[in-house]
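Visitor: Sequence:
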Amino acid sequence: MKGPLFYSKILLFGEYGIIKDSKGLSIPYNFFKGALKSKNKDSEAAKKSNASLRAFAEYLKDLQQKDHELVTFDLEALNKDVAGGMYFDSSIPQGYGVGSSGALVAAIYDKYAIEKITVLENLTREKLLKLKTIFGKMESFFHGKSSGLDPLNSYLSLPILINSQDNIESTSIPSQNLDGKGAVFLLDSGSTGETAPMVHLFMEQMKHEGFRAMLKDQFIKHTDACVEDFINGNVKSLFGNLKQLSHVVLDNFKPMIPVEFHKLWKQGIDTNDYYLKLCGSGGGGYILGFTEDINKAKKALKGYNLEVVYNF
1 MKGPLFYSKI LLFGEYGIIK DSKGLSIPYN FFKGALKSKN KDSEAAKKSN ASLRAFAEYL
61 KDLQQKDHEL VTFDLEALNK DVAGGMYFDS SIPQGYGVGS SGALVAAIYD KYAIEKITVL
121 ENLTREKLLK LKTIFGKMES FFHGKSSGLD PLNSYLSLPI LINSQDNIES TSIPSQNLDG
181 KGAVFLLDSG STGETAPMVH LFMEQMKHEG FRAMLKDQFI KHTDACVEDF INGNVKSLFG
241 NLKQLSHVVL DNFKPMIPVE FHKLWKQGID TNDYYLKLCG SGGGGYILGF TEDINKAKKA
301 LKGYNLEVVY NF
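For the sequence shown, UniProt numbering gives the first residue as 1, with consecutive numbering after it.
FYI, nobody ran anything at the bench for these hints, they're computed from the structure. What you are looking at is a predicted structure, and each value in this text was computed from that prediction instead of being measured. Treat each hint with caution, since some may be false.
Within a straight-line C-alpha distance of at most 30 angstroms, the following computed DSBU-like cross-link-like pairs (lysine-lysine) qualify [as the list claims (entries may be wrong)]:
id : residue 1 : residue 2
1  : K2        : K33
2  : K41       : K137
3  : K266      : K216
4  : K145      : K216
5  : K266      : K207
6  : K243      : K221
7  : K80       : K48
8  : K145      : K254
9  : K137      : K216
10 : K111      : K181
11 : K236      : K130
12 : K111      : K39
13 : K80       : K137
14 : K33       : K181
15 : K137      : K37
16 : K66       : K127
17 : K243      : K20
18 : K221      : K263
19 : K116      : K66
20 : K116      : K33
21 : K80       : K145
22 : K116      : K80
23 : K47       : K127
24 : K181      : K296
25 : K130      : K2
26 : K236      : K181
27 : K127      : K20
Please model the complete structure; the sequences and the hints are all you need to start from.
Guide: Following this line, the structure appears as structure tokens:
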């Protein structure tokens, strides 16, 4: 048995903001992928994944009992496959903000959901929201609380525009200019980050009026502007808003940025060679970078591992 491939994702804009109704833009990232398998199941990684799937199957049984109108699964087939050693074979790094659990959730829904919503049908806003709700409840097993966006992106393999929590749509983004000097890149922080503690930290901060005001007046304002600019291909305006956004994150989300990157983050803002932002919840994993000149950015970030994901 080898299931279809499900890809990682990158939330270009909207981390934390989408919890409070900012815009967001999520794109599939085909460099990393995963699939359900049952061959070569004796490796340590396969056994570990199988044990996790066993616990996940129990969780889905409870979810179905509580919410059978939302989603039902062929639990018999799932349990049989898990007992037979099925595992999720994935190259998606965990704790890096690129949606490792999202791809797994998408794969399980695709294979075992009864009366599933498929990619081939007319995906109305209602259907997208229903999928997002289902995926959010499924992925909560891994994160404590999930928006459902990562699995949605992985399942559809389409860019997703988040207008607000209950208004999402698939969208198109400008074609890449492979000869262009501008780029979006991933910067490897060299450590993993855990989503749940970071989200908890954010929720604690949200209790403070000053933080809430900053989120609304600065963070969400610049995030929304970046989404609009990116989708419409307004590169010049995009970089102006990115600089502001990078600054706001450095000033107000320091705990989510690994300490050894604080100086590098500021250096980008000061020199305009590149701008950094969080990729997912932060705390480790990948950091997202934007530059108008990738060669300048590579020179400035010499010694770091840069992975280009999109060219302007």
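Visitor: State for each hint whether it applies.
Guide: Quick rundown of the hints versus the structure:
Distance hint between K2 and K33 is fulfilled; the C-alpha atoms sit about 13 angstroms from each other, no more than 30 angstroms. Using a Cα cut-off of 30 angstroms, the hinted pair K41 and K137 holds, with the two alpha carbons roughly 28 angstroms apart. At roughly 23 angstroms between alpha-carbon atoms, K266 and K216 fall within 30 angstroms of each other, so this suggested pair holds. At roughly 22 angstroms between alpha-carbon atoms, K145 and K216 fall within 30 angstroms of each other, so this suggested pair holds.
In summary, the hint linking K266 to K207 is supported, as the alpha carbons are separated by about 27 angstroms, within the 30 angstroms threshold. For a cut-off of 30 angstroms, the pair hint linking K243 to K221 stands: about 13 angstroms separates their Cα positions. Using a Cα cut-off of 30 angstroms, the hinted pair K80 and K48 holds, with the two alpha carbons roughly 17 angstroms apart. Proposed proximity of K145 and K254 is supported: the alpha carbons are some 22 angstroms apart, at most 30 angstroms.
At most 30 angstroms may separate the alpha-carbon atoms for a hinted pair to count; K137 and K216 meet this at roughly 27 angstroms. Restraint check for K111 and K181: the C-alpha separation of about 41 angstroms exceeds 30 angstroms, so the hint is violated. With a C-alpha separation of about 36 angstroms, the suggested pairing of K236 with K130 is violated against the 30 angstroms cut-off. About 17 angstroms separates the Cα atoms of K111 and K39, which keeps this hinted pair within 30 angstroms; it holds.
Of the pairs offered as hints, the one joining K80 and K137 holds, with about 23 angstroms between alpha carbons and a cut-off of 30 angstroms not exceeded. For the hint linking K33 to K181, the alpha-carbon distance of about 27 angstroms falls within 30 angstroms, and the restraint holds. For the hint pairing K137 with K37, the CA-to-CA distance comes to about 24 angstroms; that is within 30 angstroms, so the pair holds. Under the criterion of a C-alpha separation no larger than 30 angstroms, the hint pairing K66 with K127 is consistent with the structure, at around 21 angstroms.
For the hint linking K243 to K20, the alpha-carbon distance of about 22 angstroms falls within 30 angstroms, and the restraint holds. Among the hinted pairs, K221 with K263 is consistent with the structure: their alpha-carbon atoms are about 25 angstroms apart, no more than 30 angstroms. For the proposed pair K116 and K66, the alpha carbon gap of about 18 angstroms is at most 30 angstroms, so the pair holds. Restraint check for K116 and K33: the C-alpha separation of about 22 angstroms stays at or below 30 angstroms, so the hint holds.
Restraint check: the Cα-Cα separation between K80 and K145 comes to about 28 angstroms, which is no more than 30 angstroms; the hinted pair holds. Only pairs whose Cα atoms come within 30 angstroms are accepted, and K116 paired with K80 is accepted, the gap being roughly 20 angstroms. For the suggested pair K47 and K127, the alpha carbons sit about 35 angstroms apart, so the restraint of at most 30 angstroms is broken. Taking the CA atoms of K181 and K296, the gap is about 9 angstroms. The hint holds against a cut of 30 angstroms.
Restraint check for K130 and K2: the C-alpha separation of about 27 angstroms stays at or below 30 angstroms, so the hint holds. Note on K236 and K181: the hinted pairing holds, with a Cα-Cα distance of about 13 angstroms set against a maximum of 30 angstroms. The straight-line distance between the Cα atoms of K127 and K20 is roughly 22 angstroms, inside the 30 angstroms bound, and the hint therefore holds.
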